[in-house]
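**Q** Sequence:
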Amino acid sequence: MTNTQQELFEKLNHWQIDNIDSSLSFSKRLARENGWTHAYAKDVTEEYKKFIFLAVHAGHPVTPSDAVDQAWHLHLTYTKSYWEDLCEDILHQKLHHHATKGGAKEDNKFEDLYNRTLASYQHFFGSVPPAHIWPSTEERFNEAKYFKRINTRQVWLIPKPRLSVRTQSFLLIALLSGILIGCSGDPVATGLLIGFGAIALVIFIIIRLTLRVHQKTLNKQVHKQKHRNKRTDSHSTTSSNSDTSSSSSSDFSSSSGGTAAGFAGFGGGFFGGGGAGGDYSDSNSSDSSSSDSGSSDSGGDSGSSGCSSGCGGGGGD
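Anchor point for the sequence shown: position 190 equals 190 in my numbering, and the numbering is continuous, going up by one each time.
Worth flagging that the hints you see were computed from the coordinates, not collected in a lab.
Owing to the predicted nature of the structure, the values given are computational and were not obtained by experimental measurement.
Note that beta-carbon positions come from the ideal geometry of N, C-alpha and C, so glycine has one too.
Careful, some of the hints might be misleading.
Straight-line Cα separation of at most 25 Å, DSS-like style, residue types lysine-lysine; simulated pairs [as the list claims (entries may be wrong)]:
id, residue 1, residue 2
1, 28, 80
2, 49, 28
3, 105, 80
Per label pair, the in silico range of CB-to-CB distance [what the hints assert, rightly or not]:
id, residue 1, residue 2, range
4, 122, 213, 33 to 39 Å
5, 148, 198, 38 to 44 Å
6, 149, 38, 50 to 56 Å
7, 13, 175, 17 to 23 Å
8, 207, 147, 27 to 33 Å
Please build the complete structure, drawing on both the sequences and the hints.
**A** Structure (structure tokens):
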């Protein structure tokens, strides 16, 4: 790290988002809203600080993990802490949060940016990102679209069992064996059960194998489509409308500062649009309208669209 980078890193490390005098601190609220332990929420908060550092110094757009993104969403509601304490006093620039526009092109872009973010994390901090907070790209984007905001007073949360084919087959055989033992006194019933059990087992195996082949086929099709999209994007992207264009600005009061887009699974859907990605780009464009001219992710700014007069709050978070 350079001296400037080290200085920011130390500032972020010593900066406390939590209000120790509050009975419901930032980390406790983060834990409550996501169903996490308090210890895990505190770990996520520390990783959120590292993400902020990368947003400023990685040199490319960055995408957070889902857990870090939840910390970001919550922090945006603490408008004074976010815009004044963080952006104005520590970063000396703005860090906006934009929603993805959705679609295959956006998904491909954010998956690539997430991979680059993981690489930059290891470069700057000298270690691999903790997998329980920064999962693999496949897990981060495949799982995130299933998140929903629910009321635990109205529903029961029962985890779906995830058993391997071998385990499921063993349980099925054990169940049939138990039934056979119970019917051992009746030869006719035993014969029928053996026949039906064998047929059921064959059907079960065929279904499982068919589903596995179908899933592999879908994965190949998705991979080919992503490859075609990337080839198309590489020919069509220009410097004027690139999703990853960036320019640095250190004047907090006169520039639009950083622009970021984040994937948000909140409120039963995606925050501001479909898709599963988020990025950061340090834009130097003017906030004269509701869109950012320096980024093609202008459709869903979930932070403040302009803070040149003091940055006292956020827009739609």
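**Q** Could you run down the list of hints and mark each one as holding or not?
**A** These are the hints, each one checked on the structure:
1. Note on residue 28 and residue 80: the hinted pairing holds, with a Cα-Cα distance of about 19 Å set against a maximum of 25 Å.
2. Taken as a hint, the residue 49 and residue 28 pair is honoured in the structure, with Cα atoms around 17 Å apart against an allowance of 25 Å.
3. Annotation: proposed proximity of residue 105 to residue 80 is violated, straight-line Cα distance about 35 Å (limit 25 Å).
4. Between residue 122 and residue 213, the C-beta spacing of about 36 Å keeps the proposed range 33 to 39 Å intact.
5. Look at residue 148 against residue 198: about 41 Å separates their beta carbons, and that is inside 38 to 44 Å.
6. Look at residue 149 against residue 38: about 20 Å separates their beta carbons, and that is not inside 50 to 56 Å.
7. Remark: the range hint 17 to 23 Å for residue 13 to residue 175 is contradicted by a beta-carbon distance near 55 Å.
8. Under the hint 27 to 33 Å, the C-beta atoms of residue 207 and residue 147, about 28 Å apart, fit the expected range.
Violated hints for the displayed structure, listed by number in ascending order: 3, 6 and 7.
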